[in-house]
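A.B. asks: Here is what each chain is made of, one letter per residue.
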Amino acid sequence: MAELRALVGVKRVIDYAVKIRVKPDKTGVVTDGVKHSMNPFCEIAVEEAVRLKEKKLVKEVIAVSCGPKQCQETLRTALAMGADRGIHVEVPESEAERLGPLQVSRVLTALAQKEKAGLVLLGKQAIDDDCNQTGQMTAAMLDWPQGTFASKLTLEGDKVTVEREIDGGLETIRLKLPAVVTADLRLNEPRYATLPNIMDYEAARALGGHESQPPSSPVCGPPAFACSSLPLYLQLVPIGTRTCFLSSSNHDFPS
Amino acid sequence: MKMANPLRGEVLTLYKNLLYFGREYPKGADYFKRRLKAAFLKNKDVKDPEKIRQLIARGEFVIKELEALYFLRKYRAMKQRYHLEDDKTK
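If you read the sequences in order, they're chains A and B.
Note that full-length UniProt numbering gives residue 105 to position 105 of the first sequence, counting from 1, and the numbers run on in steps of one.
Note that full-length UniProt numbering gives residue 74 to position 74 of the second sequence, counting from 1, and the numbers run on in steps of one.
Keep in mind the hints are simulated off the structure, nothing from the lab.
The C-beta atom is built at its ideal place from N, Cα and C for all residues, glycine as well.
Keep in mind that a hint or two might mislead.
[To be verified] Straight line, CA to CA, 27 angstroms or less: simulated DSS-like cross-link-like pairs of lysine-lysine:
1. A:K19 x B:K74
2. B:K33 x A:K35
3. B:K64 x B:K42
4. A:K114 x A:K159
5. B:K74 x A:K152
6. A:K69 x A:K23
7. B:K27 x B:K64
8. B:K27 x A:K35
9. B:K79 x B:K37
10. A:K19 x B:K33
11. B:K42 x B:K27
12. B:K79 x A:K35
13. B:K42 x A:K23
14. B:K42 x A:K53
15. A:K116 x A:K152
16. A:K159 x A:K116
17. A:K23 x B:K74
[To be verified] Anything over 10 angstroms on all C-beta distances counts as not near chain A; from chain B, calculated:
18. D30
19. Y31
20. V46
21. Q54
22. V62
[Said to hold, decoys possible] Below, a sample of chain B positions facing chain A; criterion: calculated Cβ distance under 10 angstroms:
23. V11
24. E24
25. G59
26. E67
27. F71
28. R81
29. H83
The following block holds chain A by itself, in its conformation from the complex (with noise of 0.2 angstroms):
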């Protein structure tokens, strides 16, 4: 469906291949000055949503990832990699720690809402937590029907066929639209960002991507993020080689 709206999360997470370190205190591992990048099976689910999108399956991709400012380098390689907006939902450093699937999902669920999107397409699981249910609670929360594991997409009119890898074997499954996908290893070979595209976004950034104002009420309400400080709904906007947009925007959440 040319109409159709894709939604991609991606997660800024240690590096794959960095040695991970204790913390001498033991509260958790070294993070400060380790390198990050975003999640391979978020990769993995960039790159699906932007061969869709150059198969004209889809209309835009709407890369999102939730967390402190770090997360804008996330969000930019998704933009190289294709995606036409990235919503970074800024969470403040002190309170990202407990940042896990339930509050995500909360905020993928309203945006997913609110951006009108078709499709959801999140990695199978993120390799720091190993969590693997932002995909399936997203989907619970948005009543809409999963597709997890996936190795296969084929989209055709208003369904989505989603070849699952399970344990025993491949399942197939045909989703009615909107649905939630999750990416896992075989679904594609995810390309690599090249740095003309990501200085594109670079000089966005400078010339002054705006910050909107914080919405008047917290997305999830108190549960999610039980402190006074807001989200941060901050959109970066590629810049065009003809037409350079940065868009400001004034968001509402739902209350």
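With chain A's structure known, arrange chain B on it following the hints.
C.D. replies: Showing chain B alone in chain A's frame:
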């Protein structure tokens, strides 16, 4: 005054791209940077545009090789960590 070679821009872009790719090099970003700089300096006096184009093509080939290397590393690491049952059934 000599005119700067028109291919200068392409060479610089290639160098910048290779630098960017080198950040993830398994033997270390510094190792890669040193080798990259040495390789480019070795050819700094080449003037023939045809030869320069050939060298640029070689550089772009290296970029493709690096892409493949990085992808395979990541794929193999993820497969090893998350798809144990594949090895068991073999």
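A.B. asks: Indicate, hint by hint, whether the structure satisfies it.
C.D. replies: Hints versus structure:
1. A:K19 x B:K74: holds, 14 angstroms
2. B:K33 x A:K35: holds, 18 angstroms
3. B:K64 x B:K42: With Cα atoms ~22 angstroms apart, K64 of chain B and K42 of chain B stay inside 27 angstroms; holds.
4. A:K114 x A:K159: holds, 21 angstroms
5. B:K74 x A:K152: Satisfied, since the Cα-Cα distance of roughly 20 angstroms is no more than 27 angstroms.
6. A:K69 x A:K23: holds, 22 angstroms
7. B:K27 x B:K64: Holds: K27 of chain B and K64 of chain B sit about 18 angstroms apart, inside 27 angstroms.
8. B:K27 x A:K35: holds, 15 angstroms
9. B:K79 x B:K37: violated, 35 angstroms
10. A:K19 x B:K33: holds, 22 angstroms
11. B:K42 x B:K27: Status holds; Cα separation ~22 angstroms.
12. B:K79 x A:K35: Distance of about 21 angstroms is within 27 angstroms: holds.
13. B:K42 x A:K23: Violated: K42 of chain B and K23 of chain A sit about 45 angstroms apart, past 27 angstroms.
14. B:K42 x A:K53: violated, 43 angstroms
15. A:K116 x A:K152: Cα-Cα ~24 angstroms, so holds.
16. A:K159 x A:K116: holds, 17 angstroms
17. A:K23 x B:K74: Holds, at about 26 angstroms.
18. D30: Fine: 14 angstroms to the nearest Cβ keeps D30 of chain B off the interface.
19. Y31: holds, 15 angstroms
20. V46: holds, 24 angstroms
21. Q54: The assertion about Q54 of chain B holds, with a minimum of 22 angstroms to chain A.
22. V62: With a cut-off of 10 angstroms, V62 of chain B remains clear of chain A, as the shortest Cβ separation is near 13 angstroms.
23. V11: violated, 15 angstroms
24. E24: E24 of chain B check passes; min Cβ-Cβ to chain A is 8 angstroms, inside 10 angstroms.
25. G59: violated, 13 angstroms
26. E67: holds, 5 angstroms
27. F71: This hint holds: F71 of chain B lies near chain A, its Cβ roughly 6 angstroms from the closest one there, short of 10 angstroms.
28. R81: holds, 8 angstroms
29. H83: holds, 7 angstroms
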